[in-house]
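From first to last, the protein sequence lines stand for chains A and B. If you read the first sequence in the UniProt record's numbering, its first letter stands for residue 1, the second for the next number, and so on. If you read the second sequence in the UniProt record's numbering, its first letter stands for residue 1, the second for the next number, and so on.
Hints in this document: simulated from the structure, not taken from any laboratory. Keep in mind that the hints are not guaranteed to be accurate.
The list treats identical chains as one, so a pair stands whether inside a single copy or across any two.
Pairs of lysine to any residue, SDA-like flavour, derived with a Cα cap of 20 Å [what the hints assert, rightly or not]:
(1) 290 <-> 57
(2) 302 <-> 80
(3) 302 <-> 406
(4) 290 <-> 58
(5) 302 <-> 89
2 protein chains.
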Amino acid sequence: MTGTTQDDYTDRYARRVRGMTTSEIRALFAVASRPEVVSLAGGSPYVAALPLDAVGEMLGRLAAEEGTTSLQYGIGQGTAELREGICEVMSLSGIDASTGASPDDVVVTVGGQQALDLVARLFLDPGDVVLAEGPTYVGALGAFQAAQAQVRHVAMDADGLIPAALEAAIAETAGRAKFLYTIPTYQNPAGVTLTDERREQVLDICERAGLLVVEDDPYGTLSFAGDAPRPLRARRRDGVFYLSTFSKTFAPGLRVGWILAPHAVREKLVMASEAQILCPSAFAQAAVTKYLATMPWREQIKSYREIYRERRDALLDALEDLMPAGTTWTRPEGGLFVWATLPDGLDSKAMMPRAIAARVAYVPGTGFFADGSGAGHMRLNFSFPPPDRIREGVRRLAGVMEQELAMRAVFGTPTRHRRRGHAGADTPGPDLA
Amino acid sequence: MTGTTQDDYTDRYARRVRGMTTSEIRALFAVASRPEVVSLAGGSPYVAALPLDAVGEMLGRLAAEEGTTSLQYGIGQGTAELREGICEVMSLSGIDASTGASPDDVVVTVGGQQALDLVARLFLDPGDVVLAEGPTYVGALGAFQAAQAQVRHVAMDADGLIPAALEAAIAETAGRAKFLYTIPTYQNPAGVTLTDERREQVLDICERAGLLVVEDDPYGTLSFAGDAPRPLRARRRDGVFYLSTFSKTFAPGLRVGWILAPHAVREKLVMASEAQILCPSAFAQAAVTKYLATMPWREQIKSYREIYRERRDALLDALEDLMPAGTTWTRPEGGLFVWATLPDGLDSKAMMPRAIAARVAYVPGTGFFADGSGAGHMRLNFSFPPPDRIREGVRRLAGVMEQELAMRAVFGTPTRHRRRGHAGADTPGPDLA
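Model the full structure from these sequences, guided by the hints.
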């Protein structure tokens, strides 16, 4: 072990760094990746379902035959070919030329995370407010925190974001809210989907309030029964930024995502991205372009859907069969996640070390709220472990919860651990997010 | 053409966006990539010199045989295997365990640009000052500008940064300067190298002033005669951040760079990177790891050196033979760039449209100064075009300059165009940076 372990640089950091702290939970997640642990904590797609030999052959040819461009620098916005492919993908969801989508207004990013960070950079000054579902995506909280913005959560129910709660939040933060950040479809972590009716209401409310909408849609095509409701961007062209990624429909290891933005904003996004990464990987872009052009990508999405539906069913069945009374959970129609609410008095964060000892991992609900609330909840992933492992994980988890409840019966209800500050401190690393 | 072309979002942008403006020069660079134009503007390595078939075979196997990890998410810091490989690469330059370098203190980044941006994010508040060579790397100016910092340039001569000028700059910016940003070896764009003696002086000056040093070393191994002087980080462990990339020694299309940072700072860098991109590409990392482990990467660097030395000679010979009297230029011992100073009265920015019309491109000196000065200079690249194209490009450029000088003789000396504000506005896109 070398290097200074004490932080002699504390006085030198920029103000935006002050909210960044490491967490004891983070270390636990390193353990969660051990093979004996059933991890329901991750957000990893099941890439073993890809035709890896064919993908390998495709990637090999990209370097051998087109290496002088695929291994070279590219332009900051991303290649025209990939941006056209992205428009083809978006047209599946009703975002097409008739709703003003054009390759010229697409910016290729390093996964969905850079898309979020660029939007944060472009619009957020310190002290600005972002409205976001509560709970919401961990990585979005990280990007907004890095921009020194504050997140005001808006409540959801089984039908997604509650319009009246959105109106109340807008009134409360009058003039300080820059945008609504929302994952309307198969939300991460809640697993719920905004209904058609509410989509129109949310758009109307935001338009009336002059509030921009940042729509994050990584899971929209991963539906288990029929198609998801059309994205917000397919319904309204002005004031809606649409973000998505190939991480869930192809492979996250290439880090290719995108933003569809109004033309004038697109130029700023490109400049901001160049300051950050110069240009996205030409090789990764060529890989996705070739994948879309030569491989059965629509069938691959169907294959992911079937695998995840089976695993979702395994998780819901196991929860039904094994969870202690008083536990409730959402029933997602697509995506990767179930959000569970624990029996009163249980604390998902405090319970983590015991869960890891029992060889099961999840993400405590505290990671998904900017104010550190959420200890009564946890996120459970069903995309990565096979069905029998999912059931075994739930069995272990239920055992830990029963023990906790028994202790509670003996020693009384503990005060639930609450914490203020940056939620990211409680979050796993990206391999588990 | 779809999308709003007028910017209705002007009032909504964060303050950091205000300095970002597009430029008429930028559009010219799009033209510069046409095949009939000899581009001396780029910074692209000659990746055609790579054994592309072998690289392709390697990449294909990575997906086919290791796809379940290489196409999956990874950890924010980057893989342990690649960080070990990076330490092996750094040990070539004398940065090793004896000087406190450890894989644990390496953060893998999306090329050298993200490394710069992360350092900027970590240390720069609005109004903070960065000391940097004048001229300096375009992308660094972009990253510092995005952090709303100010750049105070420090003069160079043929031996690199002038220590007395550094001392004066430190005195002038007392308390506001956060770090010295320097490219000591084969500087971009100046092509000069800081001497051994001055390296010690610069380190002593910064240590006395309590000023951090950010050492950017993308070109250090690309020497044409003997090895370069040892990096600053090989001489001093405390307070020096070392940044480099595989873009110039392997391939930029994979976007893999790194930072070697003091241990405590490394943790913050990882958190900042996760907020920005979640994690670097597992595939790109596996590609570089495998490249270092199984292919003759040291021989490839030698091959790049020989190609670039021949092209540097071609450029210097052509300049000597063809440039109008009064033109001067640097004589780099490595790297990719020559910095030329024009005869009095010529303006490299104003001349660009005529150069493009004459089918030759360069980067005007104005791109490399935060205050828009530098119109009397230009950067010439010799890594990408073959020797005969370099000579043809210089011939065309000399013709344009002769015409300009003739006009000047007739119409008198024009006022040199000077501009205040963000230097990035005058810069080419990343394919040319």
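Hint check:
When the C-alpha separation of residue 290 and residue 57 is checked against a cutoff of 20 Å, the pair qualifies both within a copy, at 11 Å, and between copies, at 17 Å. Taking identical chains as interchangeable, the C-alpha atoms of residue 302 and residue 80 are never at most 20 Å apart, the minima being 27 Å within one chain and 35 Å between chains. Neither within a single protomer nor between protomers do residue 302 and residue 406 lie at most 20 Å apart by alpha-carbon distance, with minima of 44 Å and 68 Å respectively. For the identical chains of this complex, residue 290 and residue 58 are neighbours both inside a copy (8 Å) and across copies (18 Å), given an alpha-carbon limit of 20 Å.
For the identical chains of this complex, residue 302 and residue 89 are intra-copy neighbours only, at 14 Å inside a copy versus 44 Å across copies, given an alpha-carbon limit of 20 Å.
Violated hints, listed in ascending order, are 2 and 3; each of the other numbered hints is respected by the structure.
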